[in-house]
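Visitor: Chain by chain, the residues:
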Amino acid sequence: MWSWLHPYAKTERAYALCNTLLPWFVWGALLTLIVGTVWGLMFAPSDYQQGDSFRIIYIHVPSALMSMGAYLAMAIAAFVGLVWQWRTAFMTMIAIAPVGAVMTFISLFTGAAWGKPMWGTWWVWDARLTSQLILLFLYLGVIALYKSFDDKQQAGKASGVMALVGVINLPIIHYSVEWWNTLHQGATITKFAKPSIAPEMLWPLLINLVGFALFIAAVSAVRLKNEILRRELHRPWVIKLLSESQQQGDNHRAV
Amino acid sequence: MSLAIVSMFRRDLALAFRQRAELMQPLMFFVLVITLFPLGIGPGPETLQKVGPGVIWVAAILSSLLGMDRLFRDDFHDGSLEQLILSDIPLPLVALVKVAVHWLTAILPLLLMLPLLALFLNLTVPMFWALLATLILGTPLLSLVGAIAVGLTVGLNRGGVLLALLLLPMFIPLLIFATSAVDSAAMQLPYTAQLAIIGAMLLFALGLAPFAIAYALRVSQN
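If you read the sequences in order, they're chains U and X. Per the working numbering, residue 2 is the first one in the first sequence, and the count goes up by one each step. Per the working numbering, residue 9 is the first one in the second sequence, and the count goes up by one each step.
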């Protein structure tokens, strides 16, 4: 069952796979992001209550959802790396981590910008906001742990353990924060349960969701390629690859 | 094997008690941090009562972090950790013993200070009992989860701040449930639900954390 996956544990095959997939990710992300964003920002009808300011939803919701999706992807990579001892899995993990952290930051930032006109405040200690903030800290913890090791294989294992512990913690944090909040405040002003969204508003949102996912995949693939090149600098295939690209007068150097 | 476990337990206890200064420092830190709060936010009895449980919990978390890197540091540097990994005692069991000793020597003294601190912060009697119950159930969880991160960072010489970075987000659920239990107690409401959740988290960690700690130690020992 796993035999078709095994070759990708080798860095050379993983690099080739990144090269194959990258154009799809890049063009797909460009297409969907442009269509979704332009549609959402220019042509979708404005909200009857919030007017045009609701349009930030087309950035906010995809980035928030994908920040969690990226964490899941990172944790799966960590799990694969820890169980089957794949070096490429750890490289994938650390390639995704900063991208996910930036997504989390974008969702927090856009949320604050949206909250100011709607709720009258930049920040509330609401369940979702708090757990999203903690998600950012979990990402930063994984990255910080990885950076503090000199031996990158050891670094991958250590931060992989941390990422997995974070996964166990995520639902606990989510629910604890929700209960904590209701215990303290009762009804909040931040009810996210809104009436189901109109289809002409929903379509650009869905397109942007796909766009954000493809964008994360594209950036992660580029980062993974760089990570592979940096770690495998002394392997024959990397030396060959680099000298070839140098001969072509290609200034675009990944290292 | 049980003999080996018992002698290891006694050795660790003896080692901890011979380093009295290291035992005392987190304790003093704990009391000092709590002394800062009435000075910082004003000594009004009602204010103190309101923030008291949270302050005590945050201070307990911070001071447990201070002594945390002692868990495996000395054993790592003098090589006895490597011997323990090579020995035929299961490593998760070793980890569990180390965590137990750490809890007894570094956390239990903090709990013994609690009556005094409850007086400082003007807590009522029901709040005090609730706080004590959450601390007794919750602090072993701090030690267990903390030991995973300590195991991962023991090989690094600059573990201190990193340890706090990794662990503080992990401790948030515990803090939330513990303080909400004390809040319920302050309002004369039952708080067994929160205690049950903390207990469940403790049992979960008791079952899984020793294996994670053992793996972390193997990674650090490379």
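It is worth saying that the hints were derived from the structure and are not from the lab. Only a predicted model underlies this, so the values are computations on that prediction, with no experimental measurement involved. Glycine is no exception: its CB is placed at the ideal position from the N, C-alpha and C atoms. Careful: at least some of the hints might be erroneous.
Said to hold, decoys possible - Short, incomplete list of chain U residues facing chain X, as computed with Cβ under 8 Å:
| no. | residue |
| --- | --- |
| 1 | 70 |
| 2 | 153 |
| 3 | 155 |
| 4 | 177 |
Visitor: Determine for every hint whether it applies to the structure shown.
Guide: Quick rundown of the hints versus the structure:
1. 70: Nearest chain X Cβ about 19 Å off; hint violated.
2. 153: With a minimum Cβ separation of about 12 Å from chain X (threshold 8 Å), the hint on residue 153 of chain U is violated.
3. 155: 6 Å, holds
4. 177: 4 Å, holds
Violated hints, in rising order: 1, 2; the structure is consistent with all others.
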